[in-house]
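For chain A, the structure is supplied; the task is to place chain B on it using the hints.
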Amino acid sequence: MTTEYQAVIAEFEPIIGLETHIELGTNSKMFCSCSAQFGGDPNTHVCPVCLGLPGSMPVVNRVAVESTIRMGLALNCSIAPWCRFARKNYFYPDMPKNYQISQYDEPLCSDGYLDVTVPTENGPGVFRVEIERVHMEEDTGKLLHAGGSGRIHGATHSLVDYNRAGIPLIEVVTKPILGTGELAPEIAKAYVSELRDLMRALGVSDVRMEEGSLRCDVNVSLNRQGEGWGTRTETKNVNSLRSVERAVRTEMVRQAEQLRLGERIILETRHFNEETGDTTSGRSKEEAEDYRYFPEPDLVPVAPSESWIKQLRGTLPEIPSVRRARLQNDWGISEFDMQSLVNAGALELIIASIDAGVQPSAARKWWTGELTRVANERDCELEELTVTPADIAQIEGLISEGVLTDKMARSVFEGLLDGEGNVAEVIDSRGLVVVNDDDLLVEAINQALSESPDIAEKIKSGKVAAAGAIVGAVMKSTKGQADAAKVRTLLLEQLGVKE
Amino acid sequence: MKPTYGGVSRYGIVALASSLDQAGPCARDVMDTALLHAVIGGHDPRDSTSINKPVPDVVAAALNADVRGMKIGVIKQLKGEGFQAGVLERFNQSIEILIELGAEVIEVSCPHFEYALGAYYLILPSEASSNLARFDGMRFGIREDDGKNRSVEEVMSATREKGFGAEVKRRIMLGTYALSSGYYDAYYGQAQRIRTLITRDFADAFSHVDVLVSPTAPTTAFKIGEKLDDPLAMYLNDIATIPVNLAGNCAMSLPIGRAPEDGLPVGLQIIAPPMADHLLYQVGSALESALADRWGGLLISEAPTL
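If you read the protein sequences in the order shown, they are chains A and B. Counting from 1, position 33 in the first sequence corresponds to residue 32 in numbering that gives the first Met the number 0; the numbering is continuous, with no gaps. Counting from 1, position 58 in the second sequence corresponds to residue 57 in numbering that gives the first Met the number 0; the numbering is continuous, with no gaps.
Hints listed in this document are in silico derivations from the structure and should not be mistaken for laboratory results. Check before you lean on any hint, since a few could be wrong.
To give a feel for the contact side, a few chain A residues facing chain B, derived at Cβ under 8 Å [as the list claims (entries may be wrong)]:
| no. | residue |
| --- | --- |
| 1 | P53 |
| 2 | N88 |
| 3 | F90 |
| 4 | K96 |
| 5 | E256 |
| 6 | R259 |
| 7 | P296 |
| 8 | A302 |
| 9 | V321 |
| 10 | R322 |
Even glycine gets a Cβ: it sits at the ideal position worked out from N, Cα and C.
So that you can see chain A by itself, here it is in the shape it has in the complex (with noise of 0.2 Å):
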């Protein structure tokens, strides 16, 4: 931590609040049966009604209404006995119906909380994060601004892409978060790992951050102790866990400055830069778009039955951290260890990598170990990393069965992380395979022998420790690709020597 940013918190208290958009993962579209798979040729799924044609007509996705249920559930929220939706009225390009179908005043779920854990000075600690509403919308279509840098400042023109629009998204809104201190950007990056677990827990989305299926607004405020609350600022579009843990941190970096400085905050939404993790203006909220919002007229009400909603109750899964509570115990860590490995992001990787075939021991192993210390050094998710728990299980396999050494499946990883190709094409082109052909590897024991005789007459002599030098040079004549406790027995046999 900063002396700058202790500097900030020793004078200064943050308030928080997150907006957070996740892409669902049902088959279809919001309001029309198009794909909602990501991807595709531009516009290729696309049809009259999220394409907006004049006499075209939304139908609402049941299976997008459950998944929302099922979400405000898990997040503790009442859910409303009949709600609506409502038009969000705009002029821009990425609806061509002019207006986005959300939900305003009436949201489907709302009142509930989540609960967060996060590193304290005495250990893991629990915060409770209050919700205010979950609801229902559609995505708009992409622009991409052509000529110029690629931002629409600039361009000659711009290009839409319509297979976006209409992808069921929920939105996930906050209370104010008070109380937080100098941990507001360690919680905020827990609350939306943990949502971000809970969907996928709860199979309603797999949550790619990397196709920008969570996107998550960050509103920050400084005040000083004892004053009122501070304007706050709405930092957009930040889409990765680390991110959002930087733009609340340097958001009150910057506010800290200009209030010292004696400059007030402006109520506006702002950027964030990955590049840099700086925040720039955007549009200041004072002179925002009206979005004359009003109920849909074009859709009937939502109004879930009891029924219904208690049917949809008893699917909830187990709730992350309750699961983790469980895995702690099974795998027989601490709380520190278990809290390590969630805060790498790399739990759900070491479950995928055990429920492959991998021990647990070594699946964490791996992505606690060597993987995380790539993904620090790269500045990037564990998930963002070009190796899967299939390829470790696999790689893992060709160790039992004595194809790979240890030595061998790091040069196999390091191969995977840098983009040489799947398992067994890294394997290939490096050349990565055991020596397992008895009369070489003696052919190569014995010239290592000749070589040191010295050490030769030591081991004969009953120093057995004397033979890890001769083990040492077969596996280095063998450039690693011998299994070396089968070239130790080979050795002493070679010797006549027992252990």
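Okay, now just chain B, sitting in the frame of chain A:
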């Protein structure tokens, strides 16, 4: 014929005001109208506001041209001030015929109808301002772009300036204003409350009678373009039909003769509760055949001379 809201799918119909829009059949006589209604009516999975219930048997009702024992309500608020004498004369004559045919006619009061026009001219423009937003030259509508590398906003603005007529623009502006932050509650919100009160007026009335009747319009047709400078006067002509639109129940307009003073046709509006569209056909065909007996044919056969 305006079927019950949701009785006919709106899918494929360019929307003006989604909560008011309703497609309905229009034909030379009641039976033809019923036949068309039976074809176009019913649930459409692509329009979730369409009613998922069987279409009332409107053809059988049109065949059953019998009003004996039916209770018919005359709406007190829709026959007084502002109604042309010849319109009322024809209207009263039709009432007499319905009584002769065996109906019981009583007067009912719908006290909130006087606010209907104001509510309608807030709700319609509000929804229209949103529904018509897509006609901006990007994907829909004409595109007014002189190729001078203008911004999206400028092209949209020029397109809408040129593409929409005066009355449409008037309504878009009214609606945009009514939905604006700070005005929503006073305008759109109040209008929705009026809508609820009008729906209750109808429910109260239908607890006493089977159908309601009124003139379809307070005057006979005005000349094309005659009231363009006086939109309020023009809007007032809708005063009798607007409550039905707001409440979402069904109504039929039946020609009942010509006004003596100008020789132009007069319509009688028959109103029934939601999903009781068949009652309109039952009353309509009874009155239609009684009038045809008097005239020696349908009024429409005189159309070329009107």
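Hint check:
| no. | hint | result |
| --- | --- | --- |
| 1 | P53 | holds (4 Å) |
| 2 | N88 | holds (5 Å) |
| 3 | F90 | holds (6 Å) |
| 4 | K96 | holds (5 Å) |
| 5 | E256 | violated (33 Å) |
| 6 | R259 | violated (34 Å) |
| 7 | P296 | holds (4 Å) |
| 8 | A302 | violated (12 Å) |
| 9 | V321 | violated (38 Å) |
| 10 | R322 | violated (38 Å) |
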